[in-house]
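Asker: The residues making up each chain are set out below.
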Amino acid sequence: MAVLEISDLVVSWDPATRQRLPVVKADVVARLRAAADARAARIVERIPTDGPNLDDAAVDRLLVRAHTELQRLGEELHMAQRFAEMLVPVLAAARDGGVHPLRVVDIGCGLGYVVRALASSGVLGPDVELIGVDFNPALVGEAQRLAVEERLPCRFVCGDAFALDEDATLYLSNGVLHHFPADALGTFFRAQDRPATAAFVHYDIAATRLAPLGAWIYHRARMREPLGRHDGVASARRAHGDDVLLAAAAQASGMETFLFEPTRHANPFCAAMRPVIGIRPALTARFRAELGRRAKGLVGPR
Amino acid sequence: MIPITLGVLALVDGLFAGFRAATGRNARIRKDAYNRRAAWRGLGVGAAGAAAVGLLVAIGIAVAADPGQRYDELVSAGGRMLLVLLPFAAVVVLSLISYLLLPMRESTFVMVLALGPFTLVRPAVAAVAGIVAAVGSTDRLVWLVAAVATASVLMVEPAVHRRWYSEPV
Ligand SMILES: C[S@@+](CC[C@H](N)C(=O)[O-])C[C@H]1O[C@@H](n2cnc3c(N)ncnc32)[C@H](O)[C@@H]1O
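Quick note, the sequences are listed as chains Y and W, same order. Under my numbering, the first residue of the first sequence is numbered 1, with each subsequent residue one higher. Under my numbering, the first residue of the second sequence is numbered 1001, with each subsequent residue one higher.
Calculated from the structure, these hints are not laboratory results. The reader is advised that the hints may include incorrect statements.
[Stated by the list, open to error] These stretches of chain W come out as covered by chain Y in the derived footprint (C-beta under 8 Å, 3 or more residues):
1) 1025–1035
2) 1081–1094
[Claimed, not checked] No more than 20 Å apart at the CA atoms, straight line, and that leaves these computed lysine to aspartate or glutamate pairs for EDC-like:
3) W:Lys1031 x Y:Asp242
4) Y:Lys296 x Y:Asp242
5) Y:Lys25 x Y:Asp60
6) Y:Lys25 x Y:Asp8
7) Y:Lys296 x Y:Glu225
8) Y:Lys296 x W:Asp1072
9) Y:Lys25 x Y:Glu225
10) Y:Lys25 x Y:Asp55
11) Y:Lys25 x Y:Glu45
12) Y:Lys25 x Y:Glu85
13) Y:Lys25 x Y:Asp14
14) W:Lys1031 x Y:Glu45
15) W:Lys1031 x Y:Glu256
16) W:Lys1031 x Y:Asp127
17) Y:Lys296 x Y:Glu85
These numbers were taken from a predicted model, which means no experiment stands behind them. Note that CB positions come from ideal geometry on N, CA and C, so glycine has one too.
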């Protein structure tokens, strides 16, 4: 049975015009019930409506609240440092290879925690432009507001992961891959295999058997919003396996692809994050050298 | 020693409860001042709760037929409470230290496997401590104090959250 996330169902965009489309509450509730997810259906039933449709403003408020809580998880799991651990070596390799200008684009950035944290710490260097992309304007607007408030050198724009306007030296994402069906992942990775791209680093939940239990405990302890608690567990249940990710990433045929410290190298018992990495073959040697001992954690396709 | 240890535990727990009450409500990157302030608020509310418990104890002793015996009853109930609370507090403190000191990947596991679940079981631990303290005594005041103390510790986080952090900043 399909595992659904509420946050995917309560907003809808016209892929061509990127206009927001109305979402009929009864349709969402029916889909969730058809997926045998009565709890999610009840959560959606509580969202205010505007006629038969979900009220856009109420949905936006709810998503901003849930993402604000989600940021705490990213902070506790040191996601910004984990990205820096991969990005600093990639960008060093790119600089060496004469790539300029350097630009990092976060796909599905939500409130842009990773981009804002990287901008705030300055670890990537002042020559790196930082941009966050998300198709939800409410989240993009909030991310931009937060960045301005703290005077962080980064910016946020609306866009679709499958039709990116921005070229980038490096594409990254955090907790986004599981939102796409396995058969769309190839398209997602291919869309990033552009002349300007040096690498991508996409972190997502490792699909272990105990990941849903770990996610339940952790989201229950750390989030208050029922939507966030629900979607956190659903994310762990629908996370893609290592082989699925590696096979899809390999469709970016101009890249060498790896997982970094997949679950067999780490703790198999709980919800953990691990990245799928793609890098231009010309940069791989330097990337490995920069990683040092940690390069042993890179695992390519079997 | 037992009353002081309990008081210190309640205050430290208040600091953490205040911190937790404010989490997930501020998406800024630099928020040390915000977190500190929340912890102080938790401490304040926790101290008010502890003072209420202290007052209850003082009145209970003052009106007792045998104040000395009642004091001893209360202290031994407090000792039973600590039997439950201290091991839990020790494990939490150890996990916190490892979270802060370990490299980022290992510290993630401490967070997901230990500190997250500890937050979840904390109310149950407090309740068990209250029950263990109460059932060892036949003095109704001991029951009342155990119940009020447990409730006052558990209400710090919701109270701070409702008063100051019900909406994202
Ligand atoms: C689980 S959230 C992760 C948010 C953020 N990366 C973080 O770590 O907090 C997934 C995000 O992906 C965005 N998203 C999903 N599909 C997308 C698409 N096709 N294009 C752009 N963004 C998308 C959603 O709007 C949402 O903000």
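Asker: Now look at each hint and say whether the structure bears it out.
Answerer: Comparing the hints with the structure gives:
1. 1025–1035: holds (count 6)
2. 1081–1094: violated (count 0)
3. W:Lys1031 x Y:Asp242: violated (36 Å)
4. Y:Lys296 x Y:Asp242: holds (17 Å)
5. Y:Lys25 x Y:Asp60: Measuring from Cα to Cα gives roughly 15 Å; hence the hint holds.
6. Y:Lys25 x Y:Asp8: Holds. Lysine 25 of chain Y to aspartate 8 of chain Y sits at ~13 Å (cutoff 20 Å).
7. Y:Lys296 x Y:Glu225: Answer violated: lysine 296 of chain Y to glutamate 225 of chain Y is near 39 Å, above 20 Å.
8. Y:Lys296 x W:Asp1072: violated (62 Å)
9. Y:Lys25 x Y:Glu225: Cα-Cα ~19 Å, so holds.
10. Y:Lys25 x Y:Asp55: Holds, at roughly 9 Å.
11. Y:Lys25 x Y:Glu45: holds (7 Å)
12. Y:Lys25 x Y:Glu85: violated (43 Å)
13. Y:Lys25 x Y:Asp14: holds (18 Å)
14. W:Lys1031 x Y:Glu45: violated (35 Å)
15. W:Lys1031 x Y:Glu256: The hint is violated at about 39 Å.
16. W:Lys1031 x Y:Asp127: violated (26 Å)
17. Y:Lys296 x Y:Glu85: holds (14 Å)
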